[in-house]
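*Asks:* Sequence:
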Amino acid sequence: MFDSYLPRLYLRFIRFGGLKSAGREVGPELGGEMVLSIDHIELIVRDVDEFVEFYQKLGFEVLLRTAHHGGSAELKLPGENQPVLEIHSATGEESIGINHIAFKVANAQEAYDDVVSKGIKPERGPHLVEVTGRTNVNMRDPDGWRLQLVDADRIAPQ
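The sequence shown: position 82 = 82 (this note's numbering), numbered continuously.
Errors might be hidden in some of the hints.
[Said to hold, decoys possible] What follows is a set of in silico ranges between Cβ atoms, one per label pair, in the way DEER data are often shown: (1) Leu63 to Lys121: 18 to 26 angstroms; (2) Asp141 to Asp113: 17 to 25 angstroms; (3) Ser117 to Arg65: 36 to 44 angstroms; (4) Glu80 to Asp114: 22 to 30 angstroms.
Derived by calculation from the structure, the hints in this document are not laboratory data.
All values derive from a computational prediction rather than experimental measurement.
All C-beta atoms, glycine included, are put in the ideal place defined by N, C-alpha and C.
Using the sequences plus the hints, can you model the full thing?
*Replies:* Here it is in structure tokens:
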């Protein structure tokens, strides 16, 4: 199931990341240096425990388990600069699959101002998510995929 999302996920990543591929710039839509890296990818799943066990077998480490979204886990591969895989239970009308991709930015307010100045209309301006202690900006790409811009500073939930 997850494998079918990987080609689209990769295309969206290179399209919006302001990254270098084979020594050339790709994804200028969000402005080159604004996006620092992929922060996290959120998956909506039927069974969080089953997915945690699966990703642990692939070498991911559990960073955090919370009741957020009806049960969630954050996992990461060992090493520096690895994006977080955020997994949460499907609730209500949510569909199983990729919920959103979050890009790490130095400052969510400045990133918001930058994308607005470039004609991108975020769904929601900078807002603090209390459970994570981070400021996010929610928006969609031209195909309707959910994206977030999140502050680089991460305050672990208590």
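*Asks:* Would you list, in rising numerical order, the hints stated earlier that this structure does not obey?
*Replies:* 1
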